[in-house]
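*Asks:* Numbering follows my numbering, with no gaps: position 45 of the sequence shown is 208.
Just so you know, the hints here were simulated from the structure itself, not pulled from any lab data. This structure is a prediction, so every number in the text was calculated from the model and none was measured. Think of the CB as a built atom: it goes at the ideal place given N, C-alpha and C, for glycine as much as any other residue. Among the clues, some could well be false.
Keeping only pairs whose Cα atoms sit at most 25 Å apart, straight-line, the calculated SDA-like set for lysine to any residue is [as the list claims (entries may be wrong)]:
1. Lys193 to Ile209
2. Lys331 to Met247
3. Lys193 to Pro251
4. Lys331 to Pro251
5. Lys199 to Gly290
6. Lys331 to Arg341
7. Lys193 to Phe233
8. Lys199 to Asp232
9. Lys193 to Gly290
10. Lys199 to Ala317
Computed beta-carbon distance windows for the label pairs [said to hold, decoys possible]:
11. Gln319 to Val281: 34 to 44 Å
12. Asp221 to Leu325: 37 to 47 Å
13. Asp337 to Gly273: 31 to 41 Å
14. Ser324 to Arg237: 18 to 28 Å
15. Arg316 to Glu255: 27 to 37 Å
16. Leu311 to Glu246: 30 to 40 Å
17. Glu282 to Arg237: 19 to 29 Å
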Amino acid sequence: MNDIRTVCVYCGSGPGTNPHFIASANALGKILAENKIRLVYGGGSIGMMGAVATSVLDHGGTVTGIIPDFLTARENALTRVQEMIVTPDMHERKRLMFERSDAFVALPGGIGTLEELVEQLTWQQLGRHTKPVLLANIDGFWEPLLALLAHMRATQFIRPSLSIDILKAERVEDILPRLRAAASRAPEGTQELAPEVARRL
C-alpha cells in the first residue's frame, strides 16, 4: 500500500466570492494536521492558499511552501511555515511540488490552479505517475471543467486508451479517504516521474 504522507493543494491566491471556499480550505487544513499529513502548497499567505496553510499550522501540522522568487512579495510568502523553498521560476516550483507530494487536491482557484491541475492530469494520462489527483468540487465549482472533460471524451479527444483517473469530492471530509483509497490501488513504484523525464521539466 502506498501511504499518503504529503498532500499538495492547488488553490487560489484570492478568497473567491463564496464563503464556503475559504471554509473548505480551513477545514481541509485541520484534517491534514489532525492526520499528520504535511501540506505542500504555493507558499502564499493570502486567499485560499493562506487559509489552508494557516489552518494546518494552527492545528499543529507541518507545511512546506514552494514559491518562485518573483511572487514572494505579490503573494505575501507565509513566514510561519516550517519549510519555505524559493525557486527561480515556475517550472522549478511545479517540479518540486510534484516530487514532494504523494497526492494532489485542487480547491477552487483561477488559471494558475487550473494549469497546475491539468499538468498533473496530463502526466498521469501519459503514464508518468499514478499519484491520486482530486477535485474538491465545493458547491459545484469544478462542474464546468467536468463537463468539458466529458465533452472531450464524447468527441474522442480523450480516447479510452488515454483515460484520466480524476477523483472528485463534494465534501471536504471525503477528500482524504478517497485519496487513500486511490493510493492503495496504485502499483508500488509507479508514483514517481522517471528521473530522465523529471530533469526535462
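*Asks:* Looking back at the hints listed earlier, which ones does the structure fail to meet?
*Replies:* 2, 3, 4, 5, 7, 8, 9, 10, 11, 13 and 14
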